[in-house]
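Student: Each chain is listed here by its residues.
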Amino acid sequence: MQRSVPRPAVSSIDRQEQLAYLSGLLPAVLLLMVLTLAPAIYLFVVSLTPGTPTIPGSLTDFSDPTQNYVGALQDQQFLDSVWVQIKLSVSTVIAQVLLGLGVALLLHRRSRFLQALRTVFLIPMVLPPIVAALIWKILYTPDISPLHRLLAALGAPVSSLITNADTALWAIAFADTWEWFPFTMLIILAALQVVPDEPIEAAKVDGAGPLQLFWYVILPFIRPAIVVAALFRLIDSIKAFPLIYVLTSGGPGTATQVTNYYAFTQAFNYAYWGYASAIAVMLTAGVFVLSWVIGRRQGASAYGR
Amino acid sequence: MAGEQLGPALPFELQPEPSSWRATVAAALTNAALLLALAFVLFPIVWLVQISLRPDNDALGYQLLFRPTLDHYRALFESQFLRSFLNSVISSGLSTFVALVVGTPAAYVMCRWRFRARGAIAMWILSTRMAPQIAFTIPFFLAFRQIGLLDTVWGLSIIYLTFNLALVIWMMQSFFESVPISLEEAARIDGCGMWSAFLRITLPLTAPGMAATAVLCFIFSWNDFFYALILTRTNAMTAPVAIINFMQYEGWEWGKMAAGGTLVMLPVIVFTVLVRKWLVSGMIAGSVKD
Chain C
1 MQRSVPRPAV SSIDRQEQLA YLSGLLPAVL LLMVLTLAPA IYLFVVSLTP
51 GTPTIPGSLT DFSDPTQNYV GALQDQQFLD SVWVQIKLSV STVIAQVLLG
101 LGVALLLHRR SRFLQALRTV FLIPMVLPPI VAALIWKILY TPDISPLHRL
151 LAALGAPVSS LITNADTALW AIAFADTWEW FPFTMLIILA ALQVVPDEPI
201 EAAKVDGAGP LQLFWYVILP FIRPAIVVAA LFRLIDSIKA FPLIYVLTSG
251 GPGTATQVTN YYAFTQAFNY AYWGYASAIA VMLTAGVFVL SWVIGRRQGA
301 SAYGR
Chain B
1001 MAGEQLGPAL PFELQPEPSS WRATVAAALT NAALLLALAF VLFPIVWLVQ
1051 ISLRPDNDAL GYQLLFRPTL DHYRALFESQ FLRSFLNSVI SSGLSTFVAL
1101 VVGTPAAYVM CRWRFRARGA IAMWILSTRM APQIAFTIPF FLAFRQIGLL
1151 DTVWGLSIIY LTFNLALVIW MMQSFFESVP ISLEEAARID GCGMWSAFLR
1201 ITLPLTAPGM AATAVLCFIF SWNDFFYALI LTRTNAMTAP VAIINFMQYE
1251 GWEWGKMAAG GTLVMLPVIV FTVLVRKWLV SGMIAGSVKD
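Chains as they are written, first to last, in our numbering: chain C, 1 to 305; chain B, 1001 to 1290.
What the hints contain is simulated information worked out from the structure, not anything from laboratory work. All C-beta atoms, glycine included, are put in the ideal place defined by N, C-alpha and C. Hints are not guaranteed to be accurate.
Claimed, not checked - Below, computed lysine to any residue pairings styled on SDA-like, alpha-carbon distance capped at 20 Å:
no.	chain 1	residue 1	chain 2	residue 2
1	B	K1277	C	V194
2	C	K239	C	V287
3	B	K1277	C	R109
4	B	K1277	C	L117
5	C	K204	B	A1027
6	C	K204	B	A1023
7	B	K1277	C	A190
8	B	K1277	C	R110
9	C	K239	C	W292
10	C	K204	B	K1277
Stated by the list, open to error - Take a look, some chain C residues computed to stay more than 10 Å from chain B by CB distance:
no.	residue
11	P146
12	P157
13	Y270
Stated by the list, open to error - Which bits of chain B does chain C cover? Going by a derived footprint, with three or more residues having C-beta under 8 Å, they are:
no.	segment
14	1135-1144
15	1160-1167
One chain only, chain B, in its complex shape:
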């Protein structure tokens, strides 16, 4: 992490002219500040992971050096946690799949067809992104209570559609916009119907965008805590809720909680690296052009 790795400050230099002692001091201060910021971001996460690897006889971590153990992970896999983990995978996966199947054609239509209600639908999609979750939770809770969807992965998948469908329609539109209409028109002249041209020409061209959209949908559902806390009890409990239950019902099992937290966080970090380019447009979906 030496200074030369950072390269010249090209776009605009906030430091004084190079080759003076002041430049050296400024570069050193910049690097020190960066290191400090990096430590601020990473230290809490690293601390969580190391707790999950500590042996039980030193759960509170009085020894700086310790022999890492997977005991806590082993204990998790022998408990109900595995089931919660699967519930998370199923509800997030199912919701992502349905959102893509229903939302992708709609995004295509929104992109290609200038109809009158288009602006209204767009506003509506944006407002679902903005609305607080509690506003959806109460009516869904009351409805699910009546029709027996409380504490089921189906019910969870349905409520995850409230944000996933909007996300797919928003994200996929921008990918379709980058496909030239002339390609589709050529296929149409060759006798393809509109949707068969879509399936044969447009969709394959936007496959990477679709993959990124799927990953974002999955992350957002996977990260959900609020809906799962309220709409599930034991059967459909997801991994985030299971971690909190360690806290409330089983005393303070820090090692186990840390192991659970690490497991829930890992897939997200991997996926983030894959889709970092689209992360912001996904998070602010609908209201800002990027």
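Isolated chain C (complex conformation):
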């Protein structure tokens, strides 16, 4: 990031050619700087201030730059939100990997009908997240939910899951799994397609049953893909917002208040911009550490060869 002015690697490229390349690259690089680098720096600067609109000049008050960070570590609500986040992230990643793997195995057969079905299975993931949230709001609201009504008709009525502090987080995790298991399914399907035939044939000749075949032959081949899919879902689970906003607004109490949601309320309900920025900086740092792990597992990206 520090070297933003591109310099030629090969001296044989003549000057004119370099200028032509630069004229294509610079607009995008400048725009990216204004759009992403400048805000990132500004976010960090604001996180060092007590910035809030009710105290004039507070956005430029750097007298105690670490107060927000120290404050966060002593803020029980913030610490709780991290714990809620961990519960939500771990449970949804595990559920999505298992469900994605299961459906991928079911779909992994050569058939044009199943090819067409795959696209249907993608729908939850591409749906506007707010529509997914609306759908689950309907399914979780006893007045209108077909599930609640069915259970009531069967003589086992269930009260609303999203207004109960013990179940709200798991209701969100369930909806999140519905929305995002297609992602893990798709990556695992792609990996299944490049599993070579020979070891499978060899194992069958040796008398391996279906379960042994899966566990000892297929799973080792697709494990890297599963890990990458899981890490991607882990990173994106930190950004979960529409489901929580629509289903529970972080409640009941703070039962579903993940860190991202907590930062949102601090910034835009209470206008504690400085404090919210500090939380956002910590979230971003956490995300980058996870991304770095992905980068290492992948060896290198398409560029860094």
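Please arrange chain B on chain C, whose structure you already have, making use of the hints.
Tutor: Then chain B, alone, in the frame of chain C:
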């Protein structure tokens, strides 16, 4: 959905040998599991659509059979929703257009020119994909407040560029890589400059890729809720935010909300069918080779 449609389990058989009763049972169980998974995925969506078609006197759906009505859709088109829908189209379209115009040449340069900062720029693009939205929202909110871009479609288009530009640079690079350099070199020998060879030879060859990239940019902007919730109020409110406002300010108008949700979801489903091949590389843009 009978068993024969599924065809033989060619790549590797998790079922026992065929032609035994066990094979029949295994195939039946597989198909049953698939049907169950399909119902799990589709039922919630179908339920949303049917609520949007229910008449008002049976909004909660006590009758299984009902005469579908477009009343809720009609009501939407007479309300402010139409404007929100247009705001969504304009902000997503504008952002997609600018991202393509600025990002495509840059992707070409990234693909053809091995300069020193190339790896750093690539890492930077990847990190914008990973960063949580809240990290961009706070500084943009503060800046927009100062320069009067809050609650405008311009402001929204600008913040959508934060992910669209990176997406274009990432996606288009892989399409340019598939164009042989020899074609461009032939044009250069005939006297074309670098960018005119790009415009005449390379760009037309990657037109389908560009279309797919545009569709992905549009879907990602269209699906945005977080930025629009915070950066707009009434003027530039997008359709996803408008749906939620039915929930908060107008009581529980399930029919209207369901109709709005259905309308917002339809274009996305159509586009998904068109670009399903590139969906994953778009979503994981930058970090995994596919």
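Student: Now tell me if each hint is right for this structure.
Tutor: Evaluated hints:
Pair hint K1277/B plus V194/C holds up; C-alpha atoms about 16 Å apart against a cutoff of 20 Å. Between K239/C and V287/C the CA atoms are separated by roughly 10 Å; this keeps the pair inside 20 Å, and the hint holds. With a C-alpha separation of about 18 Å, the suggested pairing of K1277/B with R109/C holds against the 20 Å cut-off. Pair hint K1277/B plus L117/C holds up; C-alpha atoms about 14 Å apart against a cutoff of 20 Å.
The hinted pair formed by K204/C and A1027/B meets the criterion: a straight-line CA distance of about 19 Å does not exceed 20 Å. Taking the CA atoms of K204/C and A1023/B, the gap is near 16 Å; set against the 20 Å cutoff, the hint holds. Distance restraint check for K1277/B and A190/C: the Cα-Cα separation of roughly 11 Å lies within the 20 Å cut-off, and the hinted pair is therefore satisfied. Between K1277/B and R110/C the CA atoms are separated by roughly 17 Å; this keeps the pair inside 20 Å, and the hint holds.
Proximity of K239/C to W292/C is assessed by CA-CA distance (about 17 Å); at most 20 Å being required, the pair is judged to hold. Proposed proximity of K204/C and K1277/B is contradicted: the alpha carbons are some 33 Å apart, above 20 Å. With a least CB separation of 6 Å from chain B, P146/C falls inside the 10 Å interface cut-off, contrary to its annotation. The claim that P157/C is not at the interface with chain B holds, since no C-beta of that chain comes within 10 Å of its own (minimum 16 Å).
For Y270/C, the condition that its CB be more than 10 Å from all CB atoms of chain B holds, with the nearest at approximately 13 Å. Beta-carbon proximity to chain C at under 8 Å applies to 9 residues in the segment 1135-1144 of chain B; the threshold of 3 is reached and the given coverage holds. A count of 4 residues in the segment 1160-1167 of chain B with a Cβ less than 8 Å from any Cβ of chain C is obtained; the coverage claim is therefore met, three being the minimum.
Checked against the numbered hints given earlier, the structure breaks hints 10 and 11 and satisfies all the rest.
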